[in-house]
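Asks: Each chain, letter by letter, is given below.
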Amino acid sequence: DTGVSQDPRHKITKRGQNVTFRCDPISEHNRLYWYRQTLGQGPEFLTYFQNEAQLEKSRLLSDRFSAERPKGSFSTLEIQRTEQGDSAMYLCASLGGDVDGYTFGSGTRLTVV
Amino acid sequence: GENVEQHPSTLSVQEGDSAVIKCTYSDSASNYFPWYKQELGKRPQLIIDIRSNVGEKKDQRIAVTLNKTAKHFSLHITETQPEDSAVYFCAAILFSGGYNKLIFGAGTRLAVHP
Numbered sequence: 003d004t005g006v007s008q009d010p011r012h013k014i015t016k017r018g019q020n021v022t023f024r025c026d027p028i029s030e031h032n033r034l035y036w037y038r039q040t041l042g043q044g045p046e047f048l049t050y051f052q053n054e055a056q057l058e059k060s061r062l063l064s065d066r067f068s069a070e071r072p073k074g075s076f077s078t079l080e081i082q083r084t085e086q087g088d089s090a091m092y093l094c095a096s097l098g099g100d101v102d103g104y105t106f107g108s109g110t111r112l113t114v115v
Numbered sequence: 009g010e011n012v013e014q015h016p017s018t019l020s021v022q023e024g025d026s027a028v029i030k031c032t033y034s035d036s037a038s039n040y041f042p043w044y045k046q047e048l049g050k051r052p053q054l055i056i057d058i059r060s061n062v063g064e065k066k067d068q069r070i071a072v073t074l075n076k077t078a079k080h081f082s083l084h085i086t087e088t089q090p091e092d093s094a095v096y097f098c099a100a101i102l103f104s105g106g107y108n109k110l111i112f113g114a115g116t117r118l119a120v121h122p
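Residue numbers (the working numbering), protein chains in the order written: chain A, 3 to 115; chain B, 9 to 122.
Note that these hints are calculated values from the structure, not bench results.
Any given hint could be a false lead.
Sample of chain B residues at the chain A side, in silico, Cβ under 10 Å [said to hold, decoys possible]:
| no. | residue |
| --- | --- |
| 1 | H15 |
| 2 | S17 |
| 3 | L19 |
| 4 | K30 |
| 5 | G49 |
| 6 | Y107 |
| 7 | K109 |
| 8 | F112 |
| 9 | A114 |
| 10 | V120 |
Computed Cβ-Cβ distance ranges for the label pairs, DEER-style [claimed, not checked]:
| no. | chain 1 | residue 1 | chain 2 | residue 2 | range |
| --- | --- | --- | --- | --- | --- |
| 11 | A | E70 | B | G9 | 20 to 28 Å |
| 12 | A | R83 | B | E47 | 19 to 27 Å |
| 13 | B | L54 | A | S60 | 19 to 27 Å |
| 14 | A | Q19 | B | R69 | 30 to 38 Å |
| 15 | A | Q43 | B | A119 | 12 to 20 Å |
| 16 | B | Q22 | A | S68 | 45 to 53 Å |
Non-contacting residues of chain A with respect to chain B, defined by C-beta distances greater than 10 Å in every case (computed) [said to hold, decoys possible]:
| no. | residue |
| --- | --- |
| 17 | R33 |
| 18 | S64 |
| 19 | R66 |
| 20 | R111 |
Quick reminder that beta carbons are idealized off the backbone N, C-alpha and C, glycines included.
If we strip away everything but chain A, and leave its shape as in the complex, we get:
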């Protein structure tokens, strides 16, 4: 696998339910990012991991959001008590040694009904 994989591709959930997304970065990349993209907007930074350490969280990441990267490989993003405003594309990206290796996954499109 030479790319960033995200699962699921699509998720429809009822308001108030919890959802979890997974990202598998490029294997040799130690840096992993989550972004959120709403319709008609550019991706917005949510959080950043270097290996297993979460080093930065955006103000967009409310206390209903939590992200982990337990072994420095794959990462999960959980949203608790989903709200309609959480509907968006959640993109994962990974980065290795040089900046032109910044690679995005295909994203998870979340729809909260």
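Model the placement of chain B on the given structure of chain A, informed by the hints.
Replies: For chain B alone, kept in the frame of chain A given last:
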């Protein structure tokens, strides 16, 4: 922090014409400026990038120019084709040993009409 503004938000051209999309950034320390193409429902795909020590870069029909003094950078697409229709995003980053988060513009929806 960094802020990136992009315009126009929509651009409509005839096949074969040129298209230009412009971005400005606020943080003079930013040193890497990628451009992404995103088709509906797909991931952003890097199409060209430029580093702060370069003023211009070209790859076939696409080119990017950077004016560090004015903190402007632009994407130029020549001889546009219908398959160029997509949303284009510019971004800026201070690439270092640190966090390296991309700051994106709001996007330009390009429509190329046959």
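Asks: Mind listing which of the numbered hints don't hold for this structure, in increasing order?
Replies: Violated hints (numbers, rising): 1, 3, 4, 10, 12, 14, 17 and 20; every other hint is consistent with the structure.
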